[in-house]
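A.B. asks: Sequence:
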Amino acid sequence: MNQMTSNSALERTSNREQCAINQEQLSHTAFPLLGLGKGIAKIKRQIQYASQVSIPVFISGEIGTEKRTVAYHIHRCRSFTHGRFIYVPSQIRCVGEFKHYLNQSIGNAQGGTLFLSEVDKLSDKHKDYLTLLFSNQEFYQQLVENNIQLIVSCTTSLTSNQQFLSKILGSYMPHLEVIMPSLRERRDDIPLYIDHFLKQFSGDNSPQLSTEAITLLCEYSWPQNVSQLQKIMMVLISSHPSHVGAQEVMALGVNQSEESNSDLIELLLQQRLTTFEHIHPALYKSLNYISQHFLDEMTLKDVSNAAYTSASHLSFLFREHLNRSFKSILVELRVRFAKDMINSQPLSKITDVCLQSGFGDLSHFEKMFKRFVGCTPRQYRQSQRQLHTRLIA
1 MNQMTSNSAL ERTSNREQCA INQEQLSHTA FPLLGLGKGI AKIKRQIQYA
51 SQVSIPVFIS GEIGTEKRTV AYHIHRCRSF THGRFIYVPS QIRCVGEFKH
101 YLNQSIGNAQ GGTLFLSEVD KLSDKHKDYL TLLFSNQEFY QQLVENNIQL
151 IVSCTTSLTS NQQFLSKILG SYMPHLEVIM PSLRERRDDI PLYIDHFLKQ
201 FSGDNSPQLS TEAITLLCEY SWPQNVSQLQ KIMMVLISSH PSHVGAQEVM
251 ALGVNQSEES NSDLIELLLQ QRLTTFEHIH PALYKSLNYI SQHFLDEMTL
301 KDVSNAAYTS ASHLSFLFRE HLNRSFKSIL VELRVRFAKD MINSQPLSKI
351 TDVCLQSGFG DLSHFEKMFK RFVGCTPRQY RQSQRQLHTR LIA
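The sequence shown maps to residues 1 to 393 in full-length UniProt numbering.
Be aware that a few hints might be false.
Each computed DSSO-like pair below joins lysine-lysine, with the alpha-carbon atoms no more than 30 Å apart [stated by the list, open to error]:
hint	residue 1	residue 2
1	367	327
2	127	349
3	231	370
4	42	121
5	42	231
6	44	199
7	349	99
8	370	327
9	301	121
10	125	99
No wet-lab data here; the hints were simulated from the structure.
With these hints in hand, go ahead and build the complete structure from the sequences.
C.D. replies: Written out as structure tokens, the structure reads:
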């Protein structure tokens with residue numbers, strides 16, 4: 001199937017997709033899949049391929065990327081699909097309820113697609129259950145017998161040491177991994193999303209965005225990708241129905257100083273370390289190790305062992321090349337992870353956020369969060385809840 005045919009198939013499914021999502025009463029409408037560059041062209045080719053084979057599909061990408069949209073396109077493009085697209089969220093906290101919901105979902109997905117969303121956000125008990133399930137050949141046999149397409153999404157790729165499914169899917173089960181590029185890697189696509197959200201949320205009267213406002217929106221790093229852009233556009237449209245200037249955009253925290261390419265912490269979070277390939281080899285190995293294990297218990301000695309150098313020499317390298325200490329980098333990484341977790345799940349318990357972010361002590365977590373963010377975790381969570389309330393009001 002050539003590229004033109006592939007794109008046409010996706011375009012034909014887009015109208016059916018919106019109808020089907022409403023009919024199946026999904027919790028929210030998936031983001032569109034917009035873009036004209038090589039990144040999205042590759043994703044579309046993979047969607048077409050995935051729709052023609054019956055193997056598990058693993059979709060990895062940062063928070064807020066169009067992973068659910070990709071999963072739904074695969075479902076809709078399957079010519080032999082007659083069943084439903086069943087979405088299994090990661091917010092079910094009770095393991096017993098999760099097992100029951102998953103078993104029920106498998107039954108409901110007969111002849112269709114079973115989509116397990118953001119499995120790396122699950123608790124350790126949930127992950128243990130999935131690990132056991134995915135290690136069982138009878139589970140895959142059940143999927144085959146019931147003509148069920150399995151799709152799993154996560155924020156880290158299968159090659160990451162943090163990915164708990166890597167040994168299972170990577171070693172024993174044929175699968176396809178689709179890596180969704182971040183929005184900052186597709187800056188040319190941002191205007192398409194701006195226009196889309198203007199049309200979607202403005203009604204008959206769309207506000208005018210100044211050139212400066214559009215420039216700010218296009219040059220921002222968007223750490224939460226399309227989901228964050230959607231939230232910002234909804235606030236701008238609802239608060240400023242006639243005109244949006246640079247001042248209104250910057251008031252929401254969107255400014256060029258947030259550029260992630262110069263942000264060490266953001267690069268480590270996303271495991272994008274090409275910037276550091278030419279620095280001291282031991283320091284590069286250390287950064288790579290930290291980016292993969294920062295949620296685990298970690299000491300400078302652990303990192304120095306991974307880098308095959310002494311702890312004292314490694315401490316010197318951090319100061320000399322990065323003007324940062326190992327401890328400050330580790331703490332800020334965990335705080336940034338906690339902040340992103342609250343952004344995506346504003347109803348989370350602070351104790352859960354603390355533990356899942358690598359902090360073992362709640363008081364220390366609260367102190368460090370306030371130091372780097374400027375407010376306590378509870379205050380920040382409350383601000384995100386208020387923003388969420390404004391969006392759905």
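A.B. asks: For a quick check of understanding: which of the numbered hints are violated here, in increasing order?
C.D. replies: No numbers; nothing is violated.
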